[in-house]
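Novice: These are the residues of each chain, in order.
Protein chains: 2
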Amino acid sequence: MTIVFVTKCFLYYILKINKTDFMLPCSCHVLQESLLSSASGYSNYRGILNWCVVMLVLSNARLFLENIIKYGILVDPIQVVSLFLKDPYSWPAACLIIVSNVFILAALYTERRLAVGTITQMTGLIFHIFNLTSMLIFPSATVLIVTSMTPVGGVLSLGIYTVLFLKLYSYQDTNRWCREIRQAKAKRLTRSYSCPSVAQSNGSAGHTHVSYPGNLTHRDMYYFVFAPTLCYQLNFPRSPRIRIRFLMRRLFEMWMVPTIQNSMKPFQVPNHLIWLIFFYWFFHSSMNFVAELLQFGDREFYKDWWNSETVTYFWANWNIPVHKWCLRHFYKPMLRKGVNKFLAQTAVFLMSAFFHEYLVSVPLKMFRLWAFMGMMAQVPLAWFVGRFLNGNYGNAAVWMSLIIGQPVAVLMYVHDYYVIHYGSTT
Amino acid sequence: MTIVFVTKCFLYYILKINKTDFMLPCSCHVLQESLLSSASGYSNYRGILNWCVVMLVLSNARLFLENIIKYGILVDPIQVVSLFLKDPYSWPAACLIIVSNVFILAALYTERRLAVGTITQMTGLIFHIFNLTSMLIFPSATVLIVTSMTPVGGVLSLGIYTVLFLKLYSYQDTNRWCREIRQAKAKRLTRSYSCPSVAQSNGSAGHTHVSYPGNLTHRDMYYFVFAPTLCYQLNFPRSPRIRIRFLMRRLFEMWMVPTIQNSMKPFQVPNHLIWLIFFYWFFHSSMNFVAELLQFGDREFYKDWWNSETVTYFWANWNIPVHKWCLRHFYKPMLRKGVNKFLAQTAVFLMSAFFHEYLVSVPLKMFRLWAFMGMMAQVPLAWFVGRFLNGNYGNAAVWMSLIIGQPVAVLMYVHDYYVIHYGSTT
Numbered sequence: 056m057t058i059v060f061v062t063k064c065f066l067y068y069i070l071k072i073n074k075t076d077f078m079l080p081c082s083c084h085v086l087q088e089s090l091l092s093s094a095s096g097y098s099n100y101r102g103i104l105n106w107c108v109v110m111l112v113l114s115n116a117r118l119f120l121e122n123i124i125k126y127g128i129l130v131d132p133i134q135v136v137s138l139f140l141k142d143p144y145s146w147p148a149a150c151l152i153i154v155s156n157v158f159i160l161a162a163l164y165t166e167r168r169l170a171v172g173t174i175t176q177m178t179g180l181i182f183h184i185f186n187l188t189s190m191l192i193f194p195s196a197t198v199l200i201v202t203s204m205t206p207v208g209g210v211l212s213l214g215i216y217t218v219l220f221l222k223l224y225s226y227q228d229t230n231r232w233c234r235e236i237r238q239a240k241a242k243r244l245t246r247s248y249s250c251p252s253v254a255q256s257n258g259s260a261g262h263t264h265v266s267y268p269g270n271l272t273h274r275d276m277y278y279f280v281f282a283p284t285l286c287y288q289l290n291f292p293r294s295p296r297i298r299i300r301f302l303m304r305r306l307f308e309m310w311m312v313p314t315i316q317n318s319m320k321p322f323q324v325p326n327h328l329i330w331l332i333f334f335y336w337f338f339h340s341s342m343n344f345v346a347e348l349l350q351f352g353d354r355e356f357y358k359d360w361w362n363s364e365t366v367t368y369f370w371a372n373w374n375i376p377v378h379k380w381c382l383r384h385f386y387k388p389m390l391r392k393g394v395n396k397f398l399a400q401t402a403v404f405l406m407s408a409f410f411h412e413y414l415v416s417v418p419l420k421m422f423r424l425w426a427f428m429g430m431m432a433q434v435p436l437a438w439f440v441g442r443f444l445n446g447n448y449g450n451a452a453v454w455m456s457l458i459i460g461q462p463v464a465v466l467m468y469v470h471d472y473y474v475i476h477y478g479s480t481t
Numbered sequence: 056m057t058i059v060f061v062t063k064c065f066l067y068y069i070l071k072i073n074k075t076d077f078m079l080p081c082s083c084h085v086l087q088e089s090l091l092s093s094a095s096g097y098s099n100y101r102g103i104l105n106w107c108v109v110m111l112v113l114s115n116a117r118l119f120l121e122n123i124i125k126y127g128i129l130v131d132p133i134q135v136v137s138l139f140l141k142d143p144y145s146w147p148a149a150c151l152i153i154v155s156n157v158f159i160l161a162a163l164y165t166e167r168r169l170a171v172g173t174i175t176q177m178t179g180l181i182f183h184i185f186n187l188t189s190m191l192i193f194p195s196a197t198v199l200i201v202t203s204m205t206p207v208g209g210v211l212s213l214g215i216y217t218v219l220f221l222k223l224y225s226y227q228d229t230n231r232w233c234r235e236i237r238q239a240k241a242k243r244l245t246r247s248y249s250c251p252s253v254a255q256s257n258g259s260a261g262h263t264h265v266s267y268p269g270n271l272t273h274r275d276m277y278y279f280v281f282a283p284t285l286c287y288q289l290n291f292p293r294s295p296r297i298r299i300r301f302l303m304r305r306l307f308e309m310w311m312v313p314t315i316q317n318s319m320k321p322f323q324v325p326n327h328l329i330w331l332i333f334f335y336w337f338f339h340s341s342m343n344f345v346a347e348l349l350q351f352g353d354r355e356f357y358k359d360w361w362n363s364e365t366v367t368y369f370w371a372n373w374n375i376p377v378h379k380w381c382l383r384h385f386y387k388p389m390l391r392k393g394v395n396k397f398l399a400q401t402a403v404f405l406m407s408a409f410f411h412e413y414l415v416s417v418p419l420k421m422f423r424l425w426a427f428m429g430m431m432a433q434v435p436l437a438w439f440v441g442r443f444l445n446g447n448y449g450n451a452a453v454w455m456s457l458i459i460g461q462p463v464a465v466l467m468y469v470h471d472y473y474v475i476h477y478g479s480t481t
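Protein sequence lines, in the order shown, are assigned to chains X and P.
Heads up: the first sequence runs through residues 56 to 481, numbered per the working numbering.
Heads up: the second sequence runs through residues 56 to 481, numbered per the working numbering.
Excised from the complex, chain X in its bound form:
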């Protein structure tokens, strides 16, 4: 060994070359694939995302500057207000949103009664069903009847009611599960069984954790109402502190992104791009902003849908709050009841199609079923892509369906809306 070492040092001195050169004086190539070959397994394209942003900004720079010089950076407040209000003395959307508190409190008080046992399980269920059904019928009836309601105000208030509907459904479901566990526990305790797992979870519920009936407070309810999730749980994971810089960056984006979007003249930029920007604004900037404010820990609002190679993967990953809700409160309970997988999946799409249609048709006061059909068309599309395409081809197909499908559905409604309200398409 020492001889080898001495030899190497000697050679190193003679040739005055560095170590790697000495080890392989004549070789500098190794067997390897190119990064863009699929065989390389490489997938870090963060830079491409930046390229897209730079290209978007540069290609619209002239337009941005023109608009900013002409109209200033501020969004015209009167124009924004006119989207929500026809008559400044009647604020139907705002009133409707304020009324939603009635339904929230009804759900809370029903749960309190159920917890102490002053009403039976069945009565509680009927109360909840009545409350939840009213939450869908009451706002849609209001939007259809009140003439001073604008389409934007209608979409906004119906959207908020739909979110609350999903939240309160999750609320009653989760609380029922908690009661069932408590009952099972009580039964076992009378039979003098010990229950280490539940006892342990109660034990670790030290200073902040609450256990079942303790969660039925106004504070807990309203935290859930404002939290960026649709699935209720007793102790949400909390982030340790509010990061001011993170909060400010998200706030800046929340203000900047719509400004940029406004600076692009409509229909010059493809509809698809507007959807992408909206996705970033809503699912990244806004939700993270709210979560940071509430110290809500679970920031998984979307997964890597941009890599989706099947339509199903896209729908399961672009909107995680809704997907999580569907899985927890609709798909899994159906499977437990013995419904077959394909049927359950179709039912989820059916429900999703119903809500898409509900959110578009009612505020526009047009029942055209384009949104419903668009959502239901995903089932055969998913089958086709899953059956015949995979890898990058599948991914390209998903992008194509987004780039072409969405604007077509939107244009259908825009076209029909213009025909109804202005008599002609021109």
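One copy or any two copies: either way a pair holds, since identical chains are not told apart in the list.
EDC-like cross-link-like pairs, simulated, lysine to aspartate or glutamate; straight-line CA separation at most 20 Å:
| id | residue 1 | residue 2 |
| --- | --- | --- |
| 1 | 358 | 88 |
| 2 | 379 | 88 |
| 3 | 387 | 235 |
| 4 | 379 | 355 |
| 5 | 420 | 471 |
| 6 | 392 | 228 |
| 7 | 240 | 228 |
FYI, nobody ran anything at the bench for these hints, they're computed from the structure.
Put chain P on the given structure of chain X with help from the hints.
Specialist: Then chain P, alone, in the frame of chain X:
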């Protein structure tokens, strides 16, 4: 333990819920960051690359179709030929390329003489210097003198000569290193030292591996000339077999990509996009095609320059064959001679600037120094970006310099060329 298990089974039976639901009946959230937050460390955006391709194809689909219907999918052969030939009876570029064999064989025969020792080290060096210098002067003189040489023919033949210049420089350097090691080994053998490391590498050189003087054959030389690398080494890593499907896919791309590029009318698509497509065509499709044909194993023709956060990283990663050559035959030898790092780096940029200018000025017969200045401007730019920007901002700055810098340099030459040849810019 059994009690816990029985309890769980009992609960499972009562509640008819699946296992994860039982374990955490009321929790479905965990503490985590959003994927697009830089804190998540996520970087898989392969889908975004597909999005870019789909958007490029779709946004140009109408144009593509129009062009294909009008002109057919075939590139007009007469138009292509006219790029290379002014006079069909005089093929100056082709002749120039055929003559390059003289320089290749001169380098090989000089090395053979050096290996057997019929000429001294110094004589060999003088021969090589004379040979390499001629390789730069002879083609440029020919391009400048022969009037029937077109600019495209000039760029092509000068490009091939430059590549050969770099290859033959590497060839003589590597062979000299091999001789030096052989001499050192011989010296040690006379002193009765054993040399396990070198003996071992000779031992493993069984059926295919060659050792120093055995590599000086025509076959080995021409393999190196055609191989997609600029750095010579004795035993190149070889891929086990030619994958016909891979070969066909690259061939399809080699034909398809310029067809698509032709279908885009010039100046409607940004120059930068043409560079990106050229990059893919040359560094991925063509180089991989040649490598697959020659069973050349090292396919690292580029690294992840799209993620580069500094200008230096970009220049070190977008063109690996040239970068590898500069490092092995220019930068490292300079460092060994005690030159400081910054000076050596600037010298590399200076040499690169010289070759950029050489490849543009001589065929266009215009000495404007735009390419030279463009390359030298990279040094202060690299300093600025490295000093003031990092992360995604640095990446955006690199993209901006590519998107803006390149077209400006190209437009300079186009402008001047038009002014000289057509008298006015219109």
